[in-house]
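2 protein chains.
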Amino acid sequence: MAADTLINDFELPFQLYDVLDAESLTQHPKFAEHNRETFDAVLDTANKIATNLFLPHNHVADKDEPQFDGKKVSMIDDVKTAFDAYCESGFIAGRYSFESGGMQLPETVMTAVAGYFMAANPSTTAYPFLTTAAINVISHFADDDIKNAFMPRMLTGQFTGTMALTEPHAGSSLADIKTTAVKQNDGSYRVKGSKIYISAGDHELSENIVHLVLAKVPGGPAGVKGISLFAVPKYRLNEDLSVGGRNDVHLTGLIHKLGYRGATSTALSFGDAGECRGYLIGEEHFGLRYMFKMMNEARIAVGFGASIIGYRGYQYSLDYAKDRTQGRVPPHNKPEDPAAAIIEHGDVKRMLLAQKAYAEGGIALCLYGSNLIDRINICEDAPLKNELSELLDLLTPVLKAWPSEYGPKANDLGIQVLGGAGYTREYHAEQFWRDNRLNPIHEGTNGVQALDLSFRKLWQNKGLGIQILKREITQDLDSVCTLKNAPESAKLASKLMPYLGHLHEVLIHLSKVLQTEKALTLTANAQALMNIFASIVVSWMWIRQASTAEQLLNNEIDSNRQDSEKQNFYHGKIQAAKYYIDWELPLINRDIELLKNDNTVCTDMQADWF
Amino acid sequence: MAADTLINDFELPFQLYDVLDAESLTQHPKFAEHNRETFDAVLDTANKIATNLFLPHNHVADKDEPQFDGKKVSMIDDVKTAFDAYCESGFIAGRYSFESGGMQLPETVMTAVAGYFMAANPSTTAYPFLTTAAINVISHFADDDIKNAFMPRMLTGQFTGTMALTEPHAGSSLADIKTTAVKQNDGSYRVKGSKIYISAGDHELSENIVHLVLAKVPGGPAGVKGISLFAVPKYRLNEDLSVGGRNDVHLTGLIHKLGYRGATSTALSFGDAGECRGYLIGEEHFGLRYMFKMMNEARIAVGFGASIIGYRGYQYSLDYAKDRTQGRVPPHNKPEDPAAAIIEHGDVKRMLLAQKAYAEGGIALCLYGSNLIDRINICEDAPLKNELSELLDLLTPVLKAWPSEYGPKANDLGIQVLGGAGYTREYHAEQFWRDNRLNPIHEGTNGVQALDLSFRKLWQNKGLGIQILKREITQDLDSVCTLKNAPESAKLASKLMPYLGHLHEVLIHLSKVLQTEKALTLTANAQALMNIFASIVVSWMWIRQASTAEQLLNNEIDSNRQDSEKQNFYHGKIQAAKYYIDWELPLINRDIELLKNDNTVCTDMQADWF
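Protein chains in written order, with numbering that gives the first Met the number 0: chain U, 0 to 609; chain W, 0 to 609.
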């Protein structure tokens, strides 16, 4: 694969069509105008724009990051060129209806589209992606006036958007935000407060920036139930909706991150020096609930991005390992023998295979999640729709946390494959590693995801989500075991099966523990539960990929042996699945023991003992 | 602990005196002039110089890294000030005899001394440390002329040293180096070739730089047996040993690393533009064997440094976790309750405890290794000396690889504890993480260490090393189990015991496998064997710490309860040991299974399948 190939040409078609059967979505009226050809055309356009306009400045923007002179943010011109091309291609409105100027594309396809841009340049991609996320909230919860004021120009990228949630004193703890919003006679609100780590919070790429700001309306309930959501534009809109003068939203400083340097991360002040006008979205005090409803998509996007950056590091180190010669491999290991490509060394194969398992496992997982969103959206059977929604809710913490834990691990192995070269900034392995380090932190730290899974998602609606998940996994494994042409995958399925039983036992045990004082122990052991749950789900994703590949391989071998590259691709899928099941899955036996024994080592530790 | 406290005041005395009984070294004539007071005075001086002169510019040198204008390397002045203070304190000669101007200190104490400097500023520390490493080689293998020419001025820091091993086309594969050395009539050699990644390879800190260069003398044997070692000074020495004109050693460029930025990493050319004079150390063709004999110390130094950087990240995130408030912990979890320090959250405790287990486990491990060097050096019983040497040889790959794998993991968790702040360059958690990423790579990658363990160290001299190790561990565990006042540690010992049996079974199995074609599988599975071996050794280190702490705690509680801080420290040691044994050790069950089943997933993977 050449260095400027963002994603192996077989990868996304395999995931989309062979594993997920995304083409079947076109049977639904919503997507009836589409077919595989239109999907492919969209993916091809994304690949081209990403390769030609996003990739070339990925490393440049890392070295030459945005600057703030106290008045304006400046950055290299390439970002604007790329952003404009993205907007002109219509991708911001990709998910939206034909009537609103969109392409009415499934979430599954739009996630794959995102893959090319994330692979090319995650920093520049942040600007349009945050806009999409903000549109998503506005379109669902805002009234028509707000929609009309902002949405049309956001869909074209004339206006961009942000999510302004975090405050300096309260990171994950949104209940404690201090930003206030006081209602005025004209129905608008005066917003006052400070926000921090607001990605894309200031720049000159668009005519206006619409911040979605969480704030408290005085007199509301304490804690998370007293939080409201506002659209706060950088520039006010005139009566005729043309862009007017400045609103009192000010950049107080850029944050200097260790990666993702091309994307501004900002500290913003609202209403500090004048009048900051905000527009209530939906109803007062419902703000956090709206945000939570949009979190499934946002969290999948973070997980997918983490997998894609992991994938880039994998491909980068793979190219290096094929090219770089060093040492010898038996039987050609005499001093006179020529040096071998390092990919021939066992330990290098192990490091590459682990990267493949982490990156492509995460890609499969997040595309499954996106596809689930489509299946929910088009489902007309209410009970099934409810089941699928529960399944998505349950999987969401895993879709965010597992890829953002293992994507960076892949990047770490990528550096190691390069050896000394990997430690230099002359090579790019280290940038992938730095960029990806953000993903375990933002959009809810992985610790928060583990708590969400352990205390909420596994039990909500009487555990309906986990019942559905077990049913889906069991169906798939049973089906793999009955296939005639996938014996390797059947072996893998039989290795995963017992773990479903272990998970069941752990959950039965925990359901009792949670009724007792020992429940607190689970706050420290939540990561162990996440490990078990995520590893089973990822194993399932790998068995789905392996069985698909094995069937295609055996079918194609039967017919003819034309495409040896594709056969190699299928072999690789099967082998990566074996790696995951043999090398990664068994690690959770540790976690199973910890939880069954209510291990109290972490909760017993006292702050003074450190 | 205040932010400028490099290492908790209890930590090194506990490791040195309570766990290792380093004071007993003073019973030997070599160290008879010393006592605990002189050791403590040396440690105190190190702590002060490190705190006052090394720490303040650690972050500054990272942002303002050395520059090369084509003629000279420039760097911030603070490096020179710190380097000079280090030299004036006599630390470079710390290990050397009183007669040669040294302090005749044990390796154990000098390693602890190094801890303060590594904690304060690993980059600036690289300059004196590499000088020490070069002196070590010269003092052991060079003839008197070379010793007289270089050593006295290296011991004072007037001259510095480097290790010039790696070449651009051959990283780990020293057999393939191309640098040549041709003998001249005057007995000197003309050296010609290129070296890369030479740390401290150029700077203006000293009057001269003595490069220890690996090169091939034409006509020698192929491969590793045809490599010779040369002292190649940047400036030639006149007849009277005064510093003369330039030798043809030139800096072709600085390498831009992702961390350790204050230390120059260089590409050097030898004899490219003129005459590069080198002086043979020892005999022709024995160069690599000399280097290997010095590798135990060098590898312990890397491992120890990695643990210390891990420790700094741990302390940094610990300070943050005590200070930062966010969210609530039952029973004070109503919205009206004040926010809790994040150290009270279970998942934060887990992340801090893991960091403690990794960092302090590595510190204990490397100090054990240093102490072993002292025990070997003063041992007068030939068979015992031989046994201890075998034990050191066996442990060396673990002493390098385990801390340099887990030190960076601690730094990763350190970032995570800080959340969003951890991702910014305004905080230092990220610098520890970047600095430490070098350690799994240099001084033999961790992949190379796993191969060294799996194919050489475990089997050399009929497995004498592993026999001694098992004897030592078993003795300690048996002894812990008979203690009356350490019941918690006895429980931990009983949990470790079965793993010694598992390791034995794995090794019996592998000893047979290595006789067959399946031996190649172990090149891909060597990391699994390293995991098993290292985790058992680190568990042993933790049980040694826990049992020492538990005895001291129970004794002190019996006498009086004066020093509650010290009691907290002991509790922390016991709890970290429990964490390691319950949370980390069981992970190797995966590796045991892989090796017993001769897992071939990685070796079966074909280059074309990626």
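Hints in this document: simulated from the structure, not taken from any laboratory.
Owing to the predicted nature of the structure, the values given are computational and were not obtained by experimental measurement.
Incorrect hints may appear among the rest.
[As the list claims (entries may be wrong)] Within a straight-line C-alpha distance of at most 30 Å, the following computed BS3-like cross-link-like pairs (lysine-lysine) qualify:
1. K595/W to K62/U
2. K321/U to K177/W
3. K321/U to K333/W
4. K565/W to K62/U
5. K191/U to K333/W
6. K224/W to K191/W
7. K490/U to K595/W
8. K490/W to K62/U
9. K321/U to K70/W
10. K595/W to K511/U
11. K333/W to K182/U
Evaluation of the provided hints:
Distance restraint check for K595/W and K62/U: the Cα-Cα separation of roughly 48 Å exceeds the 30 Å cut-off, and the hinted pair is therefore not satisfied. As the CA atoms of K321/U and K177/W are separated by approximately 22 Å, the hinted pair is consistent with the 30 Å bound. The hinted pair formed by K321/U and K333/W fails the criterion: a straight-line CA distance of about 58 Å is larger than 30 Å. Taking the CA atoms of K565/W and K62/U, the gap is near 47 Å; set against the 30 Å cutoff, the hint is violated.
A C-alpha spacing of about 25 Å is found between K191/U and K333/W, which places the hinted pair at or below 30 Å, so the restraint holds. For the hint pairing K224/W with K191/W, the CA-to-CA distance comes to about 19 Å; that is within 30 Å, so the pair holds. Under the criterion of a C-alpha separation no larger than 30 Å, the hint pairing K490/U with K595/W is consistent with the structure, at around 19 Å. Between the alpha carbons of K490/W and K62/U the distance comes to roughly 53 Å, so the proposed pair goes past 30 Å and is violated.
Annotation: proposed proximity of K321/U to K70/W is violated, straight-line Cα distance about 37 Å (limit 30 Å). For the proposed pair K595/W and K511/U, the alpha carbon gap of about 37 Å is over 30 Å, so the pair is violated. For the hint pairing K333/W with K182/U, the CA-to-CA distance comes to about 27 Å; that is within 30 Å, so the pair holds.
Hint check: violations occur at hints 1, 3, 4, 8, 9 and 10; the rest are consistent with the structure.
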